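Student: What follows is each chain in one-letter form.
There are 2 protein chains.
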Amino acid sequence: MKPVKVGLLGMGTVGSGTINVLHRNAEEIARRAGREIRISHAAAKEYNAEKIHGLDKIDKITDDAFEVVNNPDIDIVIELIGGYSPARELVLKAIENDKHVVTANKALIAKHGNEIFTAAQKKGVMVAFEAAVAGGIPIIKAIREGLAANQILWLAGIINGTGNFILTEMREEGRTFDDVLKEAQALGYAEADPTFDVEGIDAAHKLTILGSIAFGIPLQFDKTYTEGITTIERQDVFYADQLGYRIKHLGIARKTDKGIELRVHPTLIPERRLIANVNGVMNAVLVKGDAVGPTLYYGAGAGAEPTASAVIADVVDVARVLTTDPNNRVPHLAFQPNKLSDMSILPMEEVVTAYYLRMQAIDRPGVLADVTRILGAAGISIEAILQKEPDEGASHVPVIILTQRVREKFMNKAIKEIEALDSINDKIMRIRLETLT
Amino acid sequence: MKPVKVGLLGMGTVGSGTINVLHRNAEEIARRAGREIRISHAAAKEYNAEKIHGLDKIDKITDDAFEVVNNPDIDIVIELIGGYSPARELVLKAIENDKHVVTANKALIAKHGNEIFTAAQKKGVMVAFEAAVAGGIPIIKAIREGLAANQILWLAGIINGTGNFILTEMREEGRTFDDVLKEAQALGYAEADPTFDVEGIDAAHKLTILGSIAFGIPLQFDKTYTEGITTIERQDVFYADQLGYRIKHLGIARKTDKGIELRVHPTLIPERRLIANVNGVMNAVLVKGDAVGPTLYYGAGAGAEPTASAVIADVVDVARVLTTDPNNRVPHLAFQPNKLSDMSILPMEEVVTAYYLRMQAIDRPGVLADVTRILGAAGISIEAILQKEPDEGASHVPVIILTQRVREKFMNKAIKEIEALDSINDKIMRIRLETLT
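Residue numbers (the working numbering), protein chains in the order written: chain D, -19 to 417; chain Y, -19 to 417.
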């Protein structure tokens, strides 16, 4: 199938990330999409050529974005300029020129989405906006497609990473709002003017979009209740904690008999809820459907490559609906059948992992030395040892050892040797340990 | 657009759930899909007519499943019989008859998926299997489409609810494996023969599928390392806890330079990880992509309606690729543009929620009585009160009150009255509280 030609508007953080990911993962993406995704034209007033890979594969880079949307060779326009204008004019012009559009612009969709979608509908083109909400988390896809069988009852999301970072630091480190905000600005999480983040406007843009796709209502940003986190004090975070709650800045959309709630405000939630434990700059959206029950989607809500991940997924999606050719569908196993890999499955003996070991040792000096000598000889480092008091009158004590990562066959051999020691009773209990980072 | 005609094989738990959800949410689903999804034929050896709604809308119910897959009127066959045979023969026959197939059968896909997909590819039909892994969580869609831009580095999932229920109860209640297993069987979470769940075979079926779509390798169930949870003792759960870990039964797929790891086994994971806090019968899959970073998907992994949610989403997906007509695509706002709802957005004053209130009260008898009298008169019930010791020499003490749910306008009025009390200093800090259930 011939390559999809893409015109990119904007080469800032997300634009650069999009070019970089498309370049680095070109082969993996083509194995999935069944065709090459090629940025043939790009527009930017300025960009940092040193931080972008694969610039030489772009036919033309211009400073005139309208030149790109008017180029007849381009199938799909990616809008990553942000803001209302000229993003709105560019997107409408692209649609007028029969081009599909992919955008990460939450402000644009929340405010001008109704107009843009009406124009797209008329022209029969798609406007995809997965990257506009919760960065790399495929939340739009999950709600629009994955939960299509459900009446959505409500959703609640941590959809602004800066706000969540501030609230997390206030709780975990006992810091003040102002203090953390300054650090967030220094780290680049928050803008020099942090109003959009801390006053909840950014979250309200995203909630407006989520509410519309959950309940099938037009976008109504102006009716979304918006309250920021600037008034939250350390003592509130502390008292909430004492009562078993966490304070999170949530966007909540809920269907009631009287109407639909769309509200962004700080919220106490029980600490046992999974979403209460979403910390730092991470995002998460909890969606409750009448058939599926509660579901949660978690990941990075911002950043160059997480956002690029969503942008490129949208481009692949748009490319999929261009023809009904079965070869253009999502492949059964995600990758084109003739592009499956013959990589082998590793035998368990060759897997590298960490271990929890529990053994019954005779309660006398030198036993632990024997065990650690065997582990050391096998090249196995010890992460922690827990030796319990023997039960009254018991001749053996449980010894628990956490090891660092090692190839399983070496661990098997060491376990056999330890089990052969006179001072060790029974079999050793072995459970694998993963840090999942 | 004309209705999609579906033939349903199997009217057990998931089959009944599928008919019920399609019946209850018919309008909502049609608003999204742009057409009616209609079960015109169904096959079952037996079924419980009292637990199924909308049976009268099915043209014909037969006990011969082959009659359904051979019916020329049917566009899509849903296979919910389970097991290897006759499910395999039925699915292959449906494909031979040019029908698309939707299945929830993890064992069938893990063992015979390569054969089935090859047959489907030849005929140009789709075989969709979202419901085969992690029930209602749209994890196949997330990996195949949502993360299409990424090289998947690894994934780790709690993909067997019974096993997770047992491990959760062992930790939280200090119960033994055998004891909890018996309860799980009584509750219907575990089969009379629990081998597939507790020995990890069910999880291995699902991991085989996840590994294939993550890395683009053929399905290789026989090479998936499988270890159950039957050897885990209470003391291991307890020691792991003391060391800051939780024991979870994980399916792990990881790409290494030497090959691909596919392994199911009990695993210690740090308690701070979100997935370590997925409890009871819930499922979750953590997926790490090179661009997006870690993402997590959480929800019900089994049950009639959660599984039906995934089955029906697959049917809608299949219906979408039947034509390139723009009206057949996923609508921008999830619902067809002419089916958007004009439900109003509730003003914040009309929203019902619970509250956290913090006030500065003079440290003298009777003040709390005044406050609770005002709340009581406004119909606001108190959930908890936290009164702190005054700081040395301070004339005021912080009083924190958690209330039950009430309409915001009543709370606004009560707050105004409390702030007017002589014994209360400054403004009241008010943060909303949601239990998210």
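Check each hint, because a few of them may be wrong.
Since the list can't tell identical chains apart, any single copy or any two copies may satisfy a pair.
Distance condition first, Cα-Cα at most 27 Å in a straight line; then the derived DSS-like pairs of lysine-lysine [unchecked claim]: (1) K396 <-> K407; (2) K(-18) <-> K103; (3) K319 <-> K103; (4) K393 <-> K238.
Quick caveat, the hints were computed from the structure, so don't treat them as lab data. This one's a predicted model, so the numbers in the text were calculated from it and none came from an experiment.
Student: Each hint needs a verdict: does it hold in this structure or not?
Tutor: Hint-by-hint comparison with the structure:
Taking the shortest Cα distances, K396 and K407 sit within 27 Å of each other inside one copy (9 Å), while across copies they are farther apart (69 Å). Taking identical chains as interchangeable, the C-alpha atoms of K(-18) and K103 lie at most 27 Å apart whether they share a chain (23 Å) or sit on different chains (23 Å). Taking the shortest alpha-carbon separations for K319 and K103, only the inter-copy value of 19 Å comes in at or below 27 Å, while the best intra-copy value is 35 Å. In this homomeric assembly, K393 and K238 come within 27 Å of each other (Cα to Cα) only across copies, at 21 Å, whereas the closest approach inside a single copy is 67 Å.
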